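Peer 1: Given next are the chains, with one letter for each unit.
Protein chains: 2
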Amino acid sequence: MSSLTKKSIGAGLAIAVAATATFAASHSASSSNKAVAARHAQMQMIGYHIGVLGGIAKGEMEYDSAMVDAAAKNMRELAKMERATLWIEGTEQGAVDGSRAKASIWQDSDGFAAKFLDLQNAADAMVGAGSAEEVGSRMGALGKSCKDCHESYRGPKN
Amino acid sequence: MSSLTKKSIGAGLAIAVAATATFAASHSASSSNKAVAARHAQMQMIGYHIGVLGGIAKGEMEYDSAMVDAAAKNMRELAKMERATLWIEGTEQGAVDGSRAKASIWQDSDGFAAKFLDLQNAADAMVGAGSAEEVGSRMGALGKSCKDCHESYRGPKN
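Which chain is which? The protein sequence lines are A and B, in order. Sequential numbering from 1 applies to the first sequence in my numbering. Sequential numbering from 159 applies to the second sequence in my numbering.
Calculated from the structure, these hints are not laboratory results. The structure presented is a predicted model; accordingly, all values stated were derived computationally and were not measured. Any given hint might turn out to be false.
Simulated pairs of lysine-lysine, BS3-like, Cα-Cα distance not exceeding 25 Å [stated by the list, open to error]:
| id | chain 1 | residue 1 | chain 2 | residue 2 |
| --- | --- | --- | --- | --- |
| 1 | A | K115 | B | K305 |
| 2 | A | K80 | B | K238 |
| 3 | A | K34 | B | K238 |
| 4 | A | K34 | B | K231 |
| 5 | A | K34 | B | K192 |
| 6 | A | K34 | B | K315 |
| 7 | A | K73 | B | K315 |
| 8 | A | K58 | B | K192 |
| 9 | B | K231 | A | K73 |
| 10 | B | K273 | A | K80 |
| 11 | B | K315 | B | K231 |
| 12 | B | K273 | A | K73 |
| 13 | B | K305 | A | K34 |
| 14 | B | K192 | A | K80 |
| 15 | A | K115 | A | K80 |
| 16 | B | K260 | B | K238 |
| 17 | A | K80 | B | K231 |
Partner residues are not named here, just some residues of chain A that face chain B (Cβ under 7 Å, in silico) [to be verified]:
| id | residue |
| --- | --- |
| 18 | K34 |
| 19 | A38 |
| 20 | N74 |
| 21 | R76 |
| 22 | E77 |
| 23 | A114 |
Covered stretches of chain A, as calculated for chain B (at least 3 residues, CB under 8 Å) [unchecked claim]:
| id | segment |
| --- | --- |
| 24 | 50-61 |
| 25 | 78-92 |
| 26 | 95-103 |
Virtual Cβ for every residue (Gly too), placed ideally from N, Cα, C.
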């Protein structure tokens, strides 16, 4: 085998190894980006439903018990989403574009879980609110659960 | 009162009425847009989780029973989301930018509900899949439920 052939094979292998490493890195980056995007979708759905309830409380939307209960139940179930697929380690702010998740989410996972439980309970307590006024009076706990979690576990705007 | 003053008041009232009508229209459009965006977030979360399961089935991601169960349970709960807040009448394709929802969703709401039940059942059947092969063999029903619903109730790309 000529030294030129050896060199070519060596170069070919180096390119193949580099390509594999690039693939692995991009695949991993892509998985992390997708997890962050899915979390944002979860937050968007939660935000949408609190918006519906807020609109009813403020009289911007007509009170409708079916809408109130659906919004409350959806928020409750969104708060109960399994975190294993969504809150993957290594997807904190700074590690993945667009992420505002503080690293403390993974260092203090019990505390983080407790915040989602607060949201779940506040949403559950909204089910059955019988008037716009009742929706309004139950909004406090719901809004507080959002605010508390964001203050503890969400970083500054990117 | 001078006729000029009368004219001014008349013009002022007309502007006020127009502004109110514009507000009502824009508020309504905005509510519809938000419902469509929340549905897209729901679909994105479902798509994300089927991607996790597909990655495991294809060997692109390592088999992990906690990830499989979390993905399956999240899909199941996403399929069970209350539809009252998300699938609001008047938000079909053509009526709201970005919507691909066929009007038949509202004309045949039992059929539409049955498709989500298929997804719910297929996702539930994925819980406990004990290997990448088992994930793969259970993917068929899951993929079919997505495809069937899209074929029946999703319009062409916008």
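Peer 1: Give a verdict on every hint.
Peer 2: Evaluation of the provided hints:
{"no.": "1", "hint": "A/K115 with B/K305", "verdict": "36 Å, violated"}
{"no.": "2", "hint": "A/K80 with B/K238", "verdict": "13 Å, holds"}
{"no.": "3", "hint": "A/K34 with B/K238", "verdict": "22 Å, holds"}
{"no.": "4", "hint": "A/K34 with B/K231", "verdict": "18 Å, holds"}
{"no.": "5", "hint": "A/K34 with B/K192", "verdict": "22 Å, holds"}
{"no.": "6", "hint": "A/K34 with B/K315", "verdict": "22 Å, holds"}
{"no.": "7", "hint": "A/K73 with B/K315", "verdict": "31 Å, violated"}
{"no.": "8", "hint": "A/K58 with B/K192", "verdict": "18 Å, holds"}
{"no.": "9", "hint": "B/K231 with A/K73", "verdict": "16 Å, holds"}
{"no.": "10", "hint": "B/K273 with A/K80", "verdict": "23 Å, holds"}
{"no.": "11", "hint": "B/K315 with B/K231", "verdict": "29 Å, violated"}
{"no.": "12", "hint": "B/K273 with A/K73", "verdict": "20 Å, holds"}
{"no.": "13", "hint": "B/K305 with A/K34", "verdict": "21 Å, holds"}
{"no.": "14", "hint": "B/K192 with A/K80", "verdict": "22 Å, holds"}
{"no.": "15", "hint": "A/K115 with A/K80", "verdict": "11 Å, holds"}
{"no.": "16", "hint": "B/K260 with B/K238", "verdict": "20 Å, holds"}
{"no.": "17", "hint": "A/K80 with B/K231", "verdict": "10 Å, holds"}
{"no.": "18", "hint": "K34", "verdict": "6 Å, holds"}
{"no.": "19", "hint": "A38", "verdict": "4 Å, holds"}
{"no.": "20", "hint": "N74", "verdict": "5 Å, holds"}
{"no.": "21", "hint": "R76", "verdict": "10 Å, violated"}
{"no.": "22", "hint": "E77", "verdict": "5 Å, holds"}
{"no.": "23", "hint": "A114", "verdict": "19 Å, violated"}
{"no.": "24", "hint": "50-61", "verdict": "holds (count 5)"}
{"no.": "25", "hint": "78-92", "verdict": "holds (count 7)"}
{"no.": "26", "hint": "95-103", "verdict": "violated (count 0)"}
The structure shown violates the earlier hints numbered 1, 7, 11, 21, 23 and 26.
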